[in-house]
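Make the full structure from the sequences, and use the hints.
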Amino acid sequence: MTLNKYKKMIVPGLVVELIVPEGEYEGKYRTRIEDVGERIILVGSPFINGDIIPLRIGTKLKLIFWDELSAYSFSTKIKQRIAEPIHMFVLTMPDSILRVQRRNFVRVTAIKPITFQTVTSEGLSDSIKGTTLDLSGGGLRFLTEQLVEDKSILNVQLALPKGDMQIPVLVCRSDKIEDSKPQRYCVSTEFYEIQERDRDQIIRYIFQIQREMRKKGLE
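Residues are numbered in the numbering used here as their position in the sequence shown, beginning at 1, plus a constant of 321.
Bear in mind the hints are in silico, worked out from the structure with no lab data behind them. All residues carry an ideal CB built from backbone N, CA and C; glycine is no exception. Do not take every clue at face value.
[As the list claims (entries may be wrong)] Using 25 angstroms as the maximum straight-line C-alpha spacing, the simulated SDA-like pairs for lysine to any residue come out as follows:
| hint | residue 1 | residue 2 |
| --- | --- | --- |
| 1 | K497 | E470 |
| 2 | K381 | R428 |
| 3 | K328 | T380 |
| 4 | K383 | T430 |
| 5 | K433 | T380 |
| 6 | K450 | K381 |
| 7 | K472 | I515 |
| 8 | K536 | T430 |
| 9 | K349 | G334 |
| 10 | K400 | G379 |
| 11 | K383 | V411 |
| 12 | K433 | R505 |
| 13 | K329 | T413 |
| 14 | K502 | T436 |
| 15 | K536 | R353 |
| 16 | K400 | D356 |
| 17 | K502 | I515 |
| 18 | K483 | F512 |
| 19 | K497 | K536 |
[Said to hold, decoys possible] DEER-style ranges, computed between Cβ atoms:
| hint | residue 1 | residue 2 | range |
| --- | --- | --- | --- |
| 20 | K497 | S448 | 20 to 28 angstroms |
| 21 | V440 | S396 | 43 to 51 angstroms |
| 22 | V421 | Q504 | 15 to 23 angstroms |
In structure tokens, the structure reads:
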């Protein structure tokens, strides 16, 4: 994608990840953008074990940042190092930025009651109770006392901050939990013919959970 489309997202204070692809300091380092110029980006020099990572001028890097729906990355290199007023790397502004959908990458623990109905040729079954275990932009996993057949279609009612949502899911796997009393099953599903606006609403809810977890120091 062209730079101009995403350049407005590259602002001071934005948390980013620097990836050093090779060498003594190979790895991923979290930092933030300190300032942005027409052709340069200033980022805080990352630390490891309390010491600044002494990357050389000319070191090639990959910079990654993200929003609620996507991750963005571009290749850059260190143009200059600054020591005052704080330690910073001056990076070259890229010509283009790559956007990657995150919807199937992020999965969070979400323990919530749900109800669901099995879709049959005669219509919908009675409502059945369950409890979600985790949630992603691609599907959810839940516990239930009701045996659910693999490859069946379910209509799940999920409570979100903006109201309840009816979500069709395809059962990928249903495992009997041994020695559970009462008998329970762990059901793994993926969303089935879901509207993209509904998927985006779920993803925003996932990122809300992540933010709350970070505040509590649980992530």
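* Asked: Holds or violated: are the alpha carbons of K472 and I515 at most 25 angstroms from each other?
  -> Holds: K472 and I515 sit about 16 angstroms apart, inside 25 angstroms.
* To do: Given the hint that K383 pairs with T430, test it: the Cα-Cα distance must not exceed 25 angstroms.
  => violated (29 angstroms)
* 25 angstroms limit on alpha-carbon distance, applied to hinted pair K433 and R505 -> holds (16 angstroms)
* Asked: Does F512 lie within 25 angstroms of K483 when you go C-alpha to C-alpha?
  -> holds (19 angstroms)
* Asked: Given the hinted pair K383 and V411, is their alpha-carbon gap at most 25 angstroms?
  -> Holds. K383 to V411 sits at ~13 angstroms (cutoff 25 angstroms).
* Asked: Given the hinted pair K328 and T380, is their alpha-carbon gap at most 25 angstroms?
  -> Given that 25 angstroms is the threshold and the Cα spacing comes to 22 angstroms, the pair holds.
* Between K329 and T413, does the CA-CA distance stay at or below 25 angstroms? -> With Cα atoms ~16 angstroms apart, K329 and T413 stay inside 25 angstroms; holds.
* Given hint K536 paired with K497 - CA-CA distance at most 25 angstroms -> At roughly 35 angstroms apart (the allowed maximum being 25 angstroms), K536 and K497 break the hint.
* Holds or violated: K536 to T430, with C-alpha atoms at most 25 angstroms apart -> holds (15 angstroms)
* Asked: Taken at face value, is the distance from the CA of T436 to the CA of K502 at most 25 angstroms?
  -> holds (20 angstroms)
* Given the proposed pairing of K497 with E470, does the C-alpha separation stay at or below 25 angstroms? -> holds (11 angstroms)
* 25 angstroms Cα cutoff - pair K400, G379 -> OK: K400 and G379 at ~6 angstroms, within 25 angstroms.
Of the hints listed earlier, those the structure fails to meet are numbers 2, 4, 5, 6, 17, 19 and 22, in rising order.
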